[in-house]
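Between the sequences and the hints, there should be enough to build the whole structure, so can you do that?
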Amino acid sequence: MTRPVVFAFNAAGAGTAARVAAAIGGETSGLAGRVDGLDASFDDAAAAVAEAFRAGRPVIGVCAAGILIRLIAPLLRDKHAEPPVLAISDDGSSVVPLLGGLAGADVLARTIAGALGGRAAITGAGARRFGVVLESPPDGWALANPEDAKSVTSALLSGDSARLEGEAPWLAASDLPLGPDGAVVLRASVEAGPPPPDGLLFRPRALIAEFDRPDVEMLDAFDRALDALGLAPDALAFATAPEGAPIHHGFAEALNRRRVPLRIVEQRLADDDVVHGEPGFRIHRRAEPASPDETGRAAGRVTVIGLGPGPRGWLSPEAAAALDRATDLVGYEPYLDMAPERPGQRRHGSDNRVELERAQAALTLAAQGLEVAVLSSGDAGVFGMAAAVMEALDGEPARWPSVAVEVTPGISAMQAAAARLGAPLGHDFAVISLSDYLKPWDAIARRLAAAAEADLALALYNPASKSRREQIVDAIAILRARKAPETVVALARSIGRDGEAVTVTTLGALDPDMIDMRTLIVVGSSRTRAFARSDGRVWVYTPRSYREP
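Heads up: the sequence shown runs through residues 1 to 549, numbered per UniProt numbering.
Calculated directly from the structure, the hints in this document are not laboratory data.
Keep in mind it's a predicted model, so treat the numbers as computed, not measured.
Backbone N, C-alpha and C define an ideal beta-carbon position, used for all residues, glycine too.
Among the hints, erroneous ones may be present.
Stated by the list, open to error - FRET-style restraints, in silico, Cβ to Cβ:
1) E191 / R259: 19 to 27 Å
2) E453 / G344: 52 to 60 Å
3) R447 / A509: 19 to 27 Å
4) Q368 / E486: 56 to 64 Å
5) A228 / T123: 45 to 53 Å
6) L178 / A398: 51 to 59 Å
7) P512 / E406: 37 to 45 Å
8) V354 / R259: 34 to 42 Å
9) E167 / G280: 42 to 50 Å
10) R77 / D511: 44 to 52 Å
11) D394 / G508: 43 to 51 Å
12) E453 / E253: 52 to 60 Å
13) T503 / E470: 16 to 24 Å
In structure tokens:
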């Protein structure tokens with residue numbers, strides 16, 4: 001379960017929110033202007049709750065249940081994928097799980113109620129009567145046929161008894177009507193085979209795959225061996241790979257699809273529970289579910305994130321989830337300030353001129369088994385940190401063999417500017433950075449001239465700074481020599497942030513003093529048009545069609 005967020009909507013609930021967060025390892029967030037002293041704050045309740053919910057984080061509100069119901073209702077899609085949602089009275093006396101029983105909402109409610117001395121108002125009939133949710137087994141277990149859980153639970157609630165086959169202490173200790181002659185079969189087994197008719201098949205995750213060579217070929221051989229042994233793939237608790245071994249991306253992706261954790265170990269596992277071995281891998285079978293956390297360390301991962309130009313509403317759910325799971329954030333200091341605070345999350349800031357070193361530091365952190373997020377504004381693949389991470393990997397391919405790398409897309413500054421303007425990049429366009437810090441000005445000038453001569457619309461990044469003014473003057477001269485004076489030009493400054501401003505002018509009237517480092521310049525093609533509507537707003541677009549008017 002990812003880290004829960006406990007929302008407080010007034011001062012009366014702040015203390016309860018803090019106690020709840022302490023009991024479950026959560027983060028507190030209070031309504032700005034009403035609640036102080038919590039981990040974070042929010043201005044827009046709907047946006048804050050939606051961000052947490054979409055990131056898969058349990059949502060807990062110290063508020064009336066109706067508030068959460070109205071905030072969450074538009075987001076509901078799939079009960080099998082949605083996180084717990086709970087409402088708690090401000091005095092902590094009532095804890096009501098509203099959604100997410102399959103994700104452990106009832107268990108979470110009981111834990112919170114125990115910590116607060118309150119009452120968990122469990123309304124699910126199965127959970128209330130039997131003390132377990134058959135469709136949501138505890139950690140270390142998997143249900144092979146969840147589609148049958150509803151009918152089995154209904155039969156038990158209607159008076160049928162159950163027969164337990166195999167060892168499942170959590171079922172044996174429940175209030176289920178168990179007996180030797182039960183009509184409903186609840187089977188616990190690591191052995192392959194279909195579920196019992198009118199029953200459920202639970203898999204204890206008691207198998208471990210130990211790989212000497214973590215690649216797709218070995219994984220295929222492992223699958224064949226598992227099949228020959230008659231063991232179920234969904235009983236696999238985790239896989240291991242030796243320290244320093246290069247991990248094939250297809251191998252890692254296959255484990256991710258199967259939701260099987262990969263652990264990095266410094267030495268071989270003990271052989272006393274090995275049930276099969278071949279050159280390259282071994283299969284271990286434990287007597288009870290095995291916990292990944294008890295063996296080795298995580299493989300570690302670097303996720304390169306584009307935060308967007310500024311507003312949290314422009315942060316993608318994928319990026320929000322990566323930020324939430326990260327143990328460490330790495331980035332240019334102003335970009336770290338854009339990321340929401342997470343208690344316990346370490347931040348590693350640096351200057352904007354050490355991109356490669358920053359990427360190397362992030363990969364080195366991840367090699368320790370940490371979840372590292374590397375931050376860029378906008379889209380990380382557009383003049384962002386994704387290129388630096390790729391360069392680090394390419395330069396030292398053997399240095400971080402076990403580290404997984406992902407890049408999440410973000411909204412780029414040019415996309416945000418284009419949206420504010422209308423559609424200035426609606427046809428072919430080029431994107432050029434005018435900064436000569438990482439490339440010579442001669443190269444920039446040649447590319448700018450070529451793009452202008454090709455009659456492309458242009459998005460120009462990093463046009464000027466306080467100390468770098470000569471280049472923008474030269475750039476305007478290059479454009480004026482190749483484009484008409486009436487060419488539409490738009491200056492988009494601080495889009496999505498305080499001080500946002502959009503100015504539409506022409507190339508002939510463009511003044512370099514209007515431009516600074518926070519400005520993105522959009523230069524139109526010969527077909528780009530600007531027009532004003534009756535409300536006074538000026539829109540800019542480049543037609544998709546090249547038909548003559």
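For each hint, the structure was consulted:
Under the hint 19 to 27 Å, the C-beta atoms of E191 and R259, about 20 Å apart, fit the expected range. Between E453 and G344 the Cβ separation comes to about 54 Å, which falls inside the hinted range of 52 to 60 Å. Remark: the range hint 19 to 27 Å for R447 to A509 is upheld by a beta-carbon distance near 24 Å. Under the hint 56 to 64 Å, the C-beta atoms of Q368 and E486, about 58 Å apart, fit the expected range.
Separation of A228 from T123 is about 47 Å and conforms to the stated range, judged on CB atoms against 45 to 53 Å. In this structure the hint that L178 and A398 lie 51 to 59 Å apart at CB holds, the actual value being about 55 Å. Here the CB-CB span from P512 to E406 is close to 40 Å, well matched to the stated 37 to 45 Å. A hinted range of 34 to 42 Å for the beta carbons of V354 and R259 is consistent with their spacing of about 37 Å.
Between E167 and G280 the C-beta distance comes to about 31 Å, which lies outside the given range of 42 to 50 Å. One distance hint, 44 to 52 Å for the beta-carbon pair R77 and D511, holds here, with the actual separation near 50 Å. Checked against the hint of 43 to 51 Å, the C-beta distance between D394 and G508 comes to roughly 44 Å, which is consistent with it. Judged by the Cβ atoms, the range 52 to 60 Å given for E453 and E253 is violated: they are separated by roughly 44 Å.
Checked against the hint of 16 to 24 Å, the pair T503 and E470 passes, with Cβ atoms roughly 22 Å apart.
Violated hints, listed in ascending order, are 9, 12; each of the other numbered hints is respected by the structure.
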